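Peer 1: Given chain A's structure and the hints, the job is docking chain L onto it.
Read top to bottom, the protein sequences are chains A and L.
Numbering follows UniProt numbering, with no gaps: position 15 of the first sequence is 15.
Numbering follows UniProt numbering, with no gaps: position 101 of the second sequence is 101.
To spell it out: a stretch of chain L is covered by chain A in this simulated footprint if at least three of its residues, at any positions, have a beta carbon under 8 Å from a beta carbon of chain A; those stretches are:
1) 146-157
2) 161-168
3) 176-185
So these bits of chain L aren't anywhere near chain A, every CB distance computed over 10 Å:
4) Asp10
5) Ser35
6) Asp43
7) Asp55
8) Arg135
Since the hints were derived computationally from the structure, they do not count as laboratory data.
None of the values given here were measured: they were computed from a predicted structure.
C-beta: ideal position from N, C-alpha, C; glycine also.
Protein chains: 2
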Amino acid sequence: MAGRRSGTPDTRGEIIAAAREAFASQGFDRTSLRSIARSAGVDPALIHHYFDGKDALFVAAMDLPLSPRERLAEALDVPRDQAGVAVIRTMLTVWDDEAYQPSLLGVLRSLTSGTAAGTELRTAFVEGMIFPALRQEIEGGVSERAVGLVGSQIIGLIVARYLIGVEPLVSMDSEELAQLVGPTIQRYIDL
Amino acid sequence: MAGRRSGTPDTRGEIIAAAREAFASQGFDRTSLRSIARSAGVDPALIHHYFDGKDALFVAAMDLPLSPRERLAEALDVPRDQAGVAVIRTMLTVWDDEAYQPSLLGVLRSLTSGTAAGTELRTAFVEGMIFPALRQEIEGGVSERAVGLVGSQIIGLIVARYLIGVEPLVSMDSEELAQLVGPTIQRYIDL
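The following block holds chain A by itself, in its conformation from the complex (with noise of 0.2 Å):
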């Protein structure tokens, strides 16, 4: 077909950044594969062939530029009593990165959705990529019961500062907000 090319080694990678971008845009419920696609300029059929369903499409599309459990590791290297700090400072970076944030908020408006799809999302995101990352990276280790209350914090203020746009959050430094939201995560972790 006219402006439909087969696959080549870019296909794949094509389709995803399509594909984040219409989620991104449209969330998860109202993207088709047919538009993505009509967007990656393939045949639809292609993109069956890289990709399981929509879920699996969209869970490669959430393999942002950066890995968000990695990012977390790394910021976790820290003494434990730094944690809470580290933790929503490296949130603040990533969230605050127009590279990154549109990407960002379409997962968030998926996983909120309420839908079947938004609950398969939550296991592959939030408990897939944030979860371990503050399970298996804090010197010490912390419950499970801490892993929930750090995870309510960090969606919350995510919900408020991106999502809703709650003032004075959005206009606050990055820094100024880490300072005063570190220590509730601390006290989280060391409970």
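Peer 2: Same frame as chain A, now just chain L:
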């Protein structure tokens, strides 16, 4: 038309009840005034008679069997050093109640949907109901920074426990959770 009634004293209430159910089960975006009219058994024109569009109907439908603002105000009638636990305890009591939870989840999904309607609703719900209670009812007053930070932990706990379903937060006893998260709220209040 058969099955459709013209306005009666209860019509407004029946429209609101139908709207509440529709918004809760389908979210704001996917709910149409036409489908609400059908559920309520009234002519769509009657909805426009009582409400100035879908946003206005949603705001009316959010006027839950309880007023979040009044409930919070009541809960905050305690000494300042008990406000943190009181806020979380009240929030969990309301959200754990199966009579309110579906409606509240509908509101939350709409707030996080990232659409223009979400922005409108944020103003109506978060800033119109929850934040003023925090601002006005805490003995001695709080800073705007504190209001935002308290909001972030409340939102995150709600999203984690009720929307995403993060364990062990889902299974935890509400009083235990209030005792664990209360000190976070208290620290923000005292910042």
